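Enquirer: Each chain is listed here by its residues.
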Amino acid sequence: MSEFLLTVNDLKIHFPIFRGLFLRKTGSVYAVDGVTFAIRPGETLGLVGESGCGKTTVGRGILRLYRPTSGQVVFKNRDISILPRKEFRQVRRNLQMIFQDPFESLNSRHTVGNILEEPFLIHRIGSARERRERVRELLARVGIQQQAVEQFPHEFSGGQRQRIGIARAIALNPELVVCDEPVSALDVSIQSQILNLLLELQQEMNLTYLFIAHDLAVVKHLSDHTAVMYLGKIVEYADADALYERPLHPYTRALISAIPIPDPMTRGKRIILSGEIPSPIHPPPGCRFHTRCPIAIERCYHEEPMLEAMTGAKDQGGHLAACHRAGEYTD
Amino acid sequence: MPINPLTLKKIRRFSSIKRGFYSFLILSSMILISFFAEILVSNRAIVVNFNGKFYFPTYGQIITGKTFGLDYEYETNYRELAREFKQGKGGNWVLLPPVPYNPYENDLRDNEYPPFPPSLKDRHYLGTDTVGRDILSRLVYGFRIAILFSLGLLAANYTIGISIGCAMGFVGGKFDLFFQRIIEIWSNVPFLYVVIIISSIVVPSFMMLILIMAFFEWIGMTWIMRTMTYKEKAREYVLAARAMGASDFRIIFRHIIPNAVSVIVTFAPFSVSGGIVALTSLDYLGFGLPPPTPSWGELLQQGWANMDAYWIVGSVIFAMTLTLITVTFIGEAVREAFDPRFHTTYE
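Residue numbers (my numbering), protein chains in the order written: chain A, 1 to 331; chain B, 1 to 347.
One or more of the hints may lead you astray.
[To be verified] Partial pick of chain A residues on the chain B-facing surface, computed with a CB cut under 10 Å:
1) Gln90
2) Arg92
3) Ala169
4) Leu201
5) Glu204
[Unchecked claim] Each computed DSSO-like pair below joins lysine-lysine, with the alpha-carbon atoms no more than 30 Å apart:
6) A:Lys12 with B:Lys86
7) A:Lys86 with B:Lys231
8) A:Lys12 with B:Lys121
9) B:Lys10 with B:Lys231
10) A:Lys86 with B:Lys66
11) A:Lys220 with A:Lys76
12) B:Lys9 with B:Lys66
13) A:Lys76 with A:Lys12
14) A:Lys76 with A:Lys25
15) B:Lys174 with A:Lys25
16) A:Lys220 with A:Lys12
17) B:Lys66 with B:Lys121
18) B:Lys66 with B:Lys86
19) B:Lys10 with B:Lys233
20) B:Lys53 with B:Lys89
21) B:Lys121 with B:Lys89
22) A:Lys86 with B:Lys233
23) B:Lys66 with B:Lys53
24) B:Lys10 with A:Lys12
25) A:Lys86 with A:Lys76
26) B:Lys53 with B:Lys86
27) A:Lys12 with A:Lys25
28) B:Lys231 with A:Lys25
29) B:Lys121 with B:Lys174
30) B:Lys9 with B:Lys233
31) B:Lys66 with B:Lys89
32) A:Lys25 with B:Lys233
Keep in mind the hints are simulated off the structure, nothing from the lab. Just so you know, these numbers come straight off a predicted model, no measurement behind them. All C-beta atoms, glycine included, are put in the ideal place defined by N, C-alpha and C.
Could you put the whole structure together from the sequences, leaning on the hints where they help?
Expert: Written as structure tokens, this is what we have:
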């Protein structure tokens, strides 16, 4: 048994582009292009990056909502990306997902009771009475009043709906929960409540989270390790605190400099990236970040940097970065 | 089972659109009446009291003339029986339906040729057609056949259209492409010619006519359903169901179709009126249901050929107009009530 609950190994998810009368394949969207990381049981890995970088696709690829093009997703020592459908159904119970948009992720035609009962129905668990009982417990656990059973999703606020979404995700006592930007669609005042609920649940049920977000401040609050993605690849991986204190990749530095500091006197040095994120259909050669990198050198245009442990780093090998010039920042 | 408040809202909105709501009341009472037409329009009596015993001939076996002390073994002529009882003194009586004529029966008289004009005395409220059949009776039974026909057609169209459309949207890719081309070719087959060819070879029955028409009309629903499925399939609640391990079957029947229903019901009333028009025009041309089936198209044809018998063409046109207008008003109101612009909430 390895020490990791989930190991993602060189995961690639490419979406083919079909054109023409006979739908010939004319290209691919390289949404996820070789992502590797691992999560220990009970830990939280934060996965950050701007929109379009493929972080959601990674989450969905792990749950096989998208079929991986290549690479392995090893969950409890089994490669679940190639499991036959029937066997994968069994694994599904342990892998759940919380979605970004609580208005979209609940079927508006079902009552909350039906929505929460569905996981039990799908996996044929319990009698009708037991299921109702479990639904009650779940509602109580996430702090929604019991009458909700008979109500419909649109009768609730965004925060309440997200609680219902969380209740559905934890219904089957999963081990790993992929949280796909669970608070991005919510008001700031609600965000912290939901984050605290997630933290409580993690402690109670010993959950492991893959926490996907575009907001570094949110990830900092929650995660043990943080991985930064850019254009389908992980550019930096580190202990959460280390990443904030000493970011090595220029992209991470730019992201961190964008976190607002709630103090009018301190003016952080903002690193403003120019340009748009390049198209994942034609990713740039060499280092993918070189088109926007403030410190790019000749080498970055040709040679793709590997995600390597920064030997000089204080946290001994736990800090990885994919940048030719990362070593210059180590001290 | 709680009703979705959104559905309630739609129903309330529908009933607040007066034109559509009253049309709905009129049409549904028309349908209801036509389903119990035997009580109101029939040559069988509703109740016969003969020698202290009650008979209810409307439904069930025929009661022969012998039963009522007459000298024949075939079905009792209740209109004559009523006349006889009135003259006799046995205290026997017959309660006839308001329109005591059957749609197949020729009311022939000496020294006169049909069509007979409307007459309260003969109880031919809308007169008779060119062979002496009561027009009101034929209108009522013709309506029943037409409405059953269009409902049957609707069911057939929706079943085929939804299954194929849903499969196209759900499977996508080459399967979708293949069916799109098939449908494009299919929709270019001239419908009327095919019906004419088929009905000149065999006399189409009710079911067969539905099948022939459904053969061509499922296409419309397929496009709608295909688009809806594509749209719903990509939404997060479907992904959520899939992440929980739901089967394709479950996703289609519990998630996609219920969400598509609100769109496809808005097409149903228009499909009904289309069915009525189609059947009537086929009957008018003589390629529809075989005579002597009561039918509006056949009456229209008679009326057209006998314009001086104004009551024939007048009755049919009035009945058609009323039906089509009510159906269209209902359709409009349903579309209005289901309009997503009134129900989508962005918070």
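Enquirer: Taking the hints in turn, state whether each one holds.
Expert: How the hints compare with the structure:
1. Gln90: 9 Å, holds
2. Arg92: 4 Å, holds
3. Ala169: Cβ of Ala169 (chain A) sits 8 Å from chain B, so the hint holds.
4. Leu201: 17 Å, violated
5. Glu204: For Glu204 (chain A), the interface hint is violated, since the closest Cβ of chain B sits about 21 Å away, which is over 10 Å.
6. A:Lys12 with B:Lys86: With Cα atoms ~94 Å apart, Lys12 (chain A) and Lys86 (chain B) exceed 30 Å; violated.
7. A:Lys86 with B:Lys231: Holds - the C-alpha atoms of Lys231 (chain B) and Lys86 (chain A) are around 27 Å apart, at most 30 Å.
8. A:Lys12 with B:Lys121: 88 Å, violated
9. B:Lys10 with B:Lys231: OK: Lys10 (chain B) and Lys231 (chain B) at ~22 Å, within 30 Å.
10. A:Lys86 with B:Lys66: 73 Å, violated
11. A:Lys220 with A:Lys76: Holds, at about 26 Å.
12. B:Lys9 with B:Lys66: 60 Å, violated
13. A:Lys76 with A:Lys12: 20 Å, holds
14. A:Lys76 with A:Lys25: 35 Å, violated
15. B:Lys174 with A:Lys25: OK: Lys174 (chain B) and Lys25 (chain A) at ~12 Å, within 30 Å.
16. A:Lys220 with A:Lys12: OK: Lys220 (chain A) and Lys12 (chain A) at ~27 Å, within 30 Å.
17. B:Lys66 with B:Lys121: 28 Å, holds
18. B:Lys66 with B:Lys86: With Cα atoms ~18 Å apart, Lys66 (chain B) and Lys86 (chain B) stay inside 30 Å; holds.
19. B:Lys10 with B:Lys233: 24 Å, holds
20. B:Lys53 with B:Lys89: Distance ~16 Å between Lys53 (chain B) and Lys89 (chain B) Cα, so the pair holds.
21. B:Lys121 with B:Lys89: 23 Å, holds
22. A:Lys86 with B:Lys233: Distance of about 22 Å is within 30 Å: holds.
23. B:Lys66 with B:Lys53: 15 Å, holds
24. B:Lys10 with A:Lys12: 46 Å, violated
25. A:Lys86 with A:Lys76: 17 Å, holds
26. B:Lys53 with B:Lys86: With Cα atoms ~17 Å apart, Lys53 (chain B) and Lys86 (chain B) stay inside 30 Å; holds.
27. A:Lys12 with A:Lys25: At roughly 18 Å apart (the allowed maximum being 30 Å), Lys25 (chain A) and Lys12 (chain A) satisfy the hint.
28. B:Lys231 with A:Lys25: Distance ~23 Å between Lys231 (chain B) and Lys25 (chain A) Cα, so the pair holds.
29. B:Lys121 with B:Lys174: 69 Å, violated
30. B:Lys9 with B:Lys233: 26 Å, holds
31. B:Lys66 with B:Lys89: Status holds; Cα separation ~19 Å.
32. A:Lys25 with B:Lys233: Distance ~22 Å between Lys25 (chain A) and Lys233 (chain B) Cα, so the pair holds.
Consistency note: the structure conflicts with the earlier hints numbered 4, 5, 6, 8, 10, 12, 14, 24 and 29.
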